[in-house]
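Visitor: Listed here are the chains, written in short residue letters.
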Amino acid sequence: MVTIYINRTGQTEQVKSIDRVWLNSASNTFLWVDLAAPSIPELLILSDTFSFHPLSVEDARAELHYPKIEAYDGYLYAILHGIAFQSEETEFATQDVDFFVGPNYLVTVHNGHSRSIAELHENALRNPKIMGEGPVALFHRIVDAMVDHYAPEVQKLEDRLDELESAALDSPTPEVIRAILNEKRRVGGLRRIIIPQRDVMSRLARRDFVDISTDMSFRFRDVYDHLQRLVDDATMFQDRITGILDAYLTNVSNRLNEVMKVLTVVATIFMPLTLVSGIWGMNVHLPLFPGSDVAQFWWVMGIIVAIVVAMLAYFRRRRWI
Amino acid sequence: MVTIYINRTGQTEQVKSIDRVWLNSASNTFLWVDLAAPSIPELLILSDTFSFHPLSVEDARAELHYPKIEAYDGYLYAILHGIAFQSEETEFATQDVDFFVGPNYLVTVHNGHSRSIAELHENALRNPKIMGEGPVALFHRIVDAMVDHYAPEVQKLEDRLDELESAALDSPTPEVIRAILNEKRRVGGLRRIIIPQRDVMSRLARRDFVDISTDMSFRFRDVYDHLQRLVDDATMFQDRITGILDAYLTNVSNRLNEVMKVLTVVATIFMPLTLVSGIWGMNVHLPLFPGSDVAQFWWVMGIIVAIVVAMLAYFRRRRWI
Amino acid sequence: MVTIYINRTGQTEQVKSIDRVWLNSASNTFLWVDLAAPSIPELLILSDTFSFHPLSVEDARAELHYPKIEAYDGYLYAILHGIAFQSEETEFATQDVDFFVGPNYLVTVHNGHSRSIAELHENALRNPKIMGEGPVALFHRIVDAMVDHYAPEVQKLEDRLDELESAALDSPTPEVIRAILNEKRRVGGLRRIIIPQRDVMSRLARRDFVDISTDMSFRFRDVYDHLQRLVDDATMFQDRITGILDAYLTNVSNRLNEVMKVLTVVATIFMPLTLVSGIWGMNVHLPLFPGSDVAQFWWVMGIIVAIVVAMLAYFRRRRWI
Amino acid sequence: MVTIYINRTGQTEQVKSIDRVWLNSASNTFLWVDLAAPSIPELLILSDTFSFHPLSVEDARAELHYPKIEAYDGYLYAILHGIAFQSEETEFATQDVDFFVGPNYLVTVHNGHSRSIAELHENALRNPKIMGEGPVALFHRIVDAMVDHYAPEVQKLEDRLDELESAALDSPTPEVIRAILNEKRRVGGLRRIIIPQRDVMSRLARRDFVDISTDMSFRFRDVYDHLQRLVDDATMFQDRITGILDAYLTNVSNRLNEVMKVLTVVATIFMPLTLVSGIWGMNVHLPLFPGSDVAQFWWVMGIIVAIVVAMLAYFRRRRWI
Amino acid sequence: MVTIYINRTGQTEQVKSIDRVWLNSASNTFLWVDLAAPSIPELLILSDTFSFHPLSVEDARAELHYPKIEAYDGYLYAILHGIAFQSEETEFATQDVDFFVGPNYLVTVHNGHSRSIAELHENALRNPKIMGEGPVALFHRIVDAMVDHYAPEVQKLEDRLDELESAALDSPTPEVIRAILNEKRRVGGLRRIIIPQRDVMSRLARRDFVDISTDMSFRFRDVYDHLQRLVDDATMFQDRITGILDAYLTNVSNRLNEVMKVLTVVATIFMPLTLVSGIWGMNVHLPLFPGSDVAQFWWVMGIIVAIVVAMLAYFRRRRWI
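Residue numbers (the working numbering), protein chains in the order written: chain A, 1 to 321; chain B, 1 to 321; chain C, 1 to 321; chain D, 1 to 321; chain E, 1 to 321.
Honestly, the hints are just simulated from the structure, not real lab data.
Hints may be right or wrong, so weigh each one.
Claimed, not checked - With a straight-line Cα cutoff of 27 Å, these simulated DSS-like cross-link-like pairs (lysine-lysine) come out:
1. E:K16 / D:K68
2. A:K16 / A:K129
3. B:K156 / B:K16
4. D:K16 / D:K129
5. A:K68 / B:K16
6. E:K16 / E:K156
7. C:K129 / A:K68
8. C:K16 / C:K129
9. B:K68 / D:K68
10. C:K68 / E:K16
What the hints assert, rightly or not - A few chain E residues facing chain D, derived, Cβ under 10 Å:
11. P41
12. R240
13. T264
Ideal Cβ placement from N, Cα and C applies to all residues, glycine included.
I would like the entire structure built from these sequences, with the hints used as guidance.
Guide: Written as structure tokens, this is what we have:
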């Protein structure tokens with residue numbers, strides 16, 4: 001679906017088709033052409049009306065691309081990635097948004113699910129200032145919104161890390177390991193999404209492109225800072241996951257220690273007692289323990305109590321119990 | 001085997017030998033000379049007909065080389081690696097393809113098993129456009145196909161990682177460790193193959209060479225992006241393998257814990273019971289437990305049941321059973 | 001709250017409002033305007049009186065920012081992070097301080113809790129030299145103090161690491177693991193705070209900005225050195241934490257070994273003894289051990305003592321006891 | 001021992017002493033002066049005949065040096081490392097070879113054990129072309145041979161890694177750990193030897209030095225490629241060693257699991273049986289199991305068989321046996 | 001204490017005070033002024049006699065600094081670190097030495113414990129050549145000696161690593177872990193000391209400073225090489241420590257395996273035997289084993305021997321014993 005907004009004399013309105021006169025950079029007119037999930041004929045607008053370079057048109061048509069920005073003759077072409085809503089998947093889902101930024105127009109191409117552009121549709125007509133600042137400002141506005149939408153996903157990631165840390169320390173079940181591995185992949189995916197976008201912002205902020213004014217470069221610098229913080233977060237998350245795995249492994253070892261201490265304490269106490277009962281069960285006269293059958297019983301009881309007390313004292317001293 | 005294609009006035013045909021006139025860059029003729037597993041006399045075409053520099057000819061003859069690109073006087077010389085079909089081996093197998101890219105000719109030298117070049121042979125005559133774009137475009141087309149052929153191998157690698165992850169979490173046998181080590185080497189091999197090729201593409205995309213037009217540099221940039229994504233994949237795979245090894249080790253520890261809990265539960269329950277049976281087996285009168293032989297039996301049973309119930313309660317509380 | 005200091009003819013005094021004449025760089029007057037937790041109307045001073053660029057004003061208003069420095073027309077704008085007092089939290093808390101450094105004024109914006117600026121308030125009137133050196137020197141003085149305040153926090157971190165190392169080696173409880181993970185995050189946080197500030201200082205020391213004299217650049221170089229040492233400390237801390245985790249894990253394994261040795265020694269000694277007592281408890285004539293009931297007893301005792309002595313000798317030789 | 005070869009009018013011959021006229025770069029004469037384990041008087045040739053800079057002469061005299069290359073006035077001075085033959089040591093042994101490369105002479109200084117130079121001695125007189133290409137080509141020839149001699153040592157390393165991997169997976173004895181540590185040091189040593197030499201080659205290939213022709217730079221580029229592949233090998237070896245250590249540790253854990261399963265199975269089966277025998281050994285009437293002495297026996301046997309069957313079924317279900 | 005040496009007309013003598021005429025670079029006089037643990041009045045010589053920049057004077061006064069080198073107007077100012085003698089501490093101890101290198105003077109400031117400077121004091125008067133080469137050569141001589149003094153400390157470190165490796169493989173006690181952690185910190189400390197000094201030498205070798213002649217830059221290049229080798233050593237040490245820790249952990253696991261094998265073997269042999277003795281101890285007639293009491297005994301003995309032989313064969317086949 002093609003939606004066309006035009007900003008003239010301070011007013012923004014929606015139009016059905018593009019008058020080529022408007023594309024003249026002296027026309028004092030700002031255009032925003034949004035192609036949401038465009039059909040093949042709709043895509044012709046890129047080559048026919050705007051005469052974009054075939055390579056950039058082809059890139060805009062293709063689905064999967066690395067974020068990048070390139071200066072063509074008379075316009076900038078950028079691919080950036082928005083984050084997709086759902087998050088039950090193993091990896092972050094992203095969607096391409098393509099930008100053609102000219103002197104007085106912005107053309108966006110996407111699959112129709114971009115939240116950032118949907119928000120702009122809602123506000124473009126209502127607030128004429130939005131388009132009045134020109135196409136680079138509009139480009140920045142969309143990019144800024146796209147990066148802002150990363151924040152809640154990153155927050156969810158951090159929350160899950162907190163949960164995993166607690167789980168690793170409190171109940172290290174095998175399911176936790178599986179969850180840790182999944183989280184590790186998610187964090188890796190986050191880095192892979194953010195880093196190339198940060199590099200695009202860096203080029204805009206450093207004003208590698210003459211079409212970017214100083215003012216605009218400062219704004220892109222802000223987006224760059226935001227992405228840099230997200231990269232820092234992702235790096236920290238990776239560190240945390242390593243730590244959580246270590247904690248898990250250590251915790252399992254600790255628990256094994258506990259189990260073995262119980263076994264050792266039990267065996268160390270009962271084996272001598274069983275021996276004692278076995279000795280008095282022998283068909284043998286015990287000259288060291290004189291007395292009647294009942295006296296024999298008290299001998300046994302005495303020895304048993306002595307062993308148990310000694311053992312408990314020993315384990316208490318070693319701090320096992 | 002030497003195969004020669006010529007593109008003149010929009011038509012591509014196959015010829016038997018090369019007319020030196022065609023090599024004149026003003027001749028408006030495009031040549032593609034493919035040397036598949038060339039014999040020594042066939043290789044003479046490189047030095048005699050094309051007068052290539054002896055060093056580049058020698059490189060083209062040699063088997064094993066690092067991917068590289070070098071500008072000689074009047075032509076570019078590049079070595080790139082295609083991926084070989086089979087994949088049961090421990091490491092990825094590759095095959096050299098050598099390219100001599102001149103103003104109006106492309107010479108390729110390889111061992112005859114390059115899938116990408118075989119595909120081109122099938123299409124070169126059918127579609128005259130393929131050669132009509134000139135030798136750099138033809139070079140790009142082969143390189144692009146070579147890189148495309150990496151994708152299924154990388155996919156196989158990822159599938160095997162998924163299997164290994166499941167195996168490490170579900171049945172950590174020693175065979176899985178061996179498989180993980182092998183996979184680690186494969187991933188390392190993948191990186192070693194891709195990174196130098198990406199660097200060659202980077203030089204082509206950055207237009208280090210004057211013979212590359214802006215248009216072509218954008219196309220090589222696409223190949224570069226593709227290789228960069230593969231590098232990212234390989235890096236992610238390395239991370240995953242580390243994670244899988246950690247998961248394996250943790251899983252083994254978990255299982256040890258399980259085993260030890262069983263042992264401890266069993267020993268902790270049966271040792272006191274054996275002691276009880278031992279005490280009543282002593283040749284001793286038990287004044288604490290009065291009564292007939294049958295009453296004695298019920299005393300024993302009572303104590304045994306009490307011990308078992310107490311122990312089970314204890315272990316249930318510690319969540320061992 | 002807005003506080004304004006003015007330094008004229010070698011004297012520093014506090015004034016209520018700013019005379020625009022003073023802002024003229026030829027006025028031979030130094031101004032320091034401090035906005036502590038400014039209200040919205042108070043913030044107007046930035047745009048109205050000083051006519052700062054809207055972007056830098058907006059940045060100064062916002063709460064959370066990455067440390068950075070930017071040259072605007074006629075002034076430098078910097079964001080730096082002071083460290084906050086409390087330290088019971090999981091991560092280091094920081095607070096933004098914004099600086100506008102002009103030819104004869106310094107404007108600082110912060111949340112009112114900056115210790116470094118509070119110290120300067122105490123001394124500014126008392127010691128006229130403090131403001132007499134000009135706004136860049138004043139800027140350096142605040143920054144230097146901010147960095148100095150990191151030292152005790154870093155010292156606390158190091159002390160905690162010492163404690164954790166001892167704990168990991170002496171009493172590896174699960175609580176220690178939790179503490180190690182927390183400390184790891186604190187150290188990671190420290191790095192994230194310090195590194196961007198070091199980079200800002202590096203730019204000041206390298207004199208990326210024309211407004212910085214050689215003298216001042218040497219002073220910023222000192223601050224840079226200080227931050228670089230802190231970065232080195234943080235890197236070393238990260239190394240130590242890895243080592244502490246390794247020590248913990250190894251220690252747990254060592255202790256498991258100890259536990260198992262006890263169990264094995266006990267079982268290895270008592271199992272044969274129990275067998276001996278069981279043999280003499282059989283309803284069977286033992287032809288190998290002739291003699292009366294009492295003689296039988298001494299046979300048993302002899303065998304028991306022989307087994308115990310042999311076992312102890314064996315374990316002593318293996319250095320288990 | 002000083003050996004002097006001279007190449008004039010296409011012929012190579014050995015001479016006893018150097019005519020200073022030959023050193024004139026216009027003399028159309030190529031000299032190769034080889035000092036093998038030179039005595040102090042023999043070393044004087046460097047300063048007296050060739051008037052080399054004292055610093056480079058001093059470097060040539062010293063034993064241990066980092067590979068490097070430096071341009072002096074009129075000649076290049078290079079130190080490179082050959083690999084020594086023996087390989088039973090913990091680390092790779094190397095030997096310095098010093099090169100003075102002038103416009104029409106090459107001077108080599110070494111300890112007399114360089115295999116690469118020995119090979120050249122054998123061929124220099126036989127094949128006049130060897131020296132006819134000039135001193136830089138001769139320099140390249142020696143360097144190329146030195147690097148070629150690394151290959152078999154690297155191959156031995158790889159073979160040992162294969163052995164260690166098998167050992168770690170099949171019989172993880174403590175000796176294997178010691179061997180892994182030694183191998184790790186060897187691989188580290190290999191990297192330390194190769195990387196600085198690669199950097200020297202890189203400078204020669206990039207033509208940092210005016211005395212290197214394009215042709216020669218391509219040849220050094222080949223040596224550089226060879227060293228780069230060796231660096232890649234060494235990096236891969238390091239990865240493999242990490243993997244082997246992990247495999248070792250995992251394998252030890254696996255074996256511990258096996259041991260503990262045996263113990264647990266045995267204890268879990270025999271403890272109940274012992275209890276059963278203990279119960280029938282009590283001096284107590286068992287009202288639950290009526291019948292004669294023989295009937296009692298069949299009761300016991302029945303219970304024992306039932307327990308064993310149940311236990312075996314349980315362990316089979318848990319896949320322990 | 002201030003010591004002043006003067007070198008004029010090839011002779012070196014010690015003087016009490018400085019004649020300002022000597023500082024004139026045309027005076028053909030070389031001065032070395034050494035301030036060992038200078039008092040405040042002695043330090044005045046820096047500002048009063050030499051008129052050094054206040055910032056460098058302040059740096060020279062301060063105790064703790066990062067190694068650095070800075071070009072001031074007319075002289076170079078450098079801070080370098082000597083290694084201190086004792087080595088029982090956890091970290092390497094260093095001491096600042098400050099250098100002011102002018103056209104015809106060298107001023108050194110230190111705490112009086114620098115071994116390198118002490119050696120120079122001994123030789124300066126005896127050998128007039130030492131000072132005759134000028135202040136940069138003198139500077140190099142001190143720096144070279146300082147770096148040479150690192151070697152024995154590094155050697156000690158390596159020896160301790162050898163000991164730790166043996167200990168980890170032979171007797172992995174908890175004390176070894178503590179020693180490994182300490183060694184790790186020492187190695188980390190070594191890197192932190194050496195790397196900034198190497199960077200200073202790199203700047204001197206690259207002739208970032210006009211006052212350094214080519215000859216001198218080659219000498220500093222030698223010091224740089226020496227430090228680079230030490231950095232390589234330290235990196236290798238870090239690798240070794242990681243390996244030693246891994247070896248320790250693996251060794252502990254191996255030993256646990258040994259312990260558990262002993263336990264399992266003992267339990268697996270004695271549990272069936274105890275059951276046998278228990279069965280013959282039952283108050284029950286054993287119809288399967290007919291015969292007299294003595295015959296019963298031989299039945300028992302036969303079963304016991306059969307069990308022991310079968311078990312030993314089983315364990316021998318599994319290579320546990």
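Visitor: Against this structure, judge whether each hint is valid.
Guide: Consistency of the hints with the structure:
For the given pair, K16 of chain E sits about 45 Å from K68 of chain D by alpha-carbon distance, which is inconsistent with the 27 Å threshold. Between K16 of chain A and K129 of chain A, the direct Cα distance comes to roughly 21 Å. Compliance with the 27 Å bound is thereby established for this hinted pair. A distance of roughly 41 Å separates the Cα atoms of K156 of chain B and K16 of chain B; the hinted pair therefore is violated under the 27 Å criterion. Between K16 of chain D and K129 of chain D the CA atoms are separated by roughly 21 Å; this keeps the pair inside 27 Å, and the hint holds.
For the suggested pair K68 of chain A and K16 of chain B, the alpha carbons sit about 45 Å apart, so the restraint of at most 27 Å is broken. Under the criterion of a C-alpha separation no larger than 27 Å, the hint pairing K16 of chain E with K156 of chain E is inconsistent with the structure, at around 41 Å. Proposed proximity of K129 of chain C and K68 of chain A is contradicted: the alpha carbons are some 52 Å apart, above 27 Å. With a C-alpha separation of about 21 Å, the suggested pairing of K16 of chain C with K129 of chain C holds against the 27 Å cut-off.
Proximity of K68 of chain B to K68 of chain D is assessed by CA-CA distance (about 25 Å); at most 27 Å being required, the pair is judged to hold. About 52 Å separates the Cα atoms of K68 of chain C and K16 of chain E, which puts this hinted pair outside 27 Å; it is violated. Taking 10 Å as the C-beta contact cut-off toward chain D, the hint placing P41 of chain E at the interface is violated, the least distance being around 42 Å. Because the beta carbon of R240 of chain E sits about 7 Å from the nearest beta carbon in chain D, less than 10 Å, this interface hint is met.
At about 4 Å, the closest approach between the beta carbon of T264 of chain E and any beta carbon in chain D falls short of 10 Å, and the interface hint on this residue holds.
Of the numbered hints given earlier, the model fails hints 1, 3, 5, 6, 7, 10, 11; all others are met.
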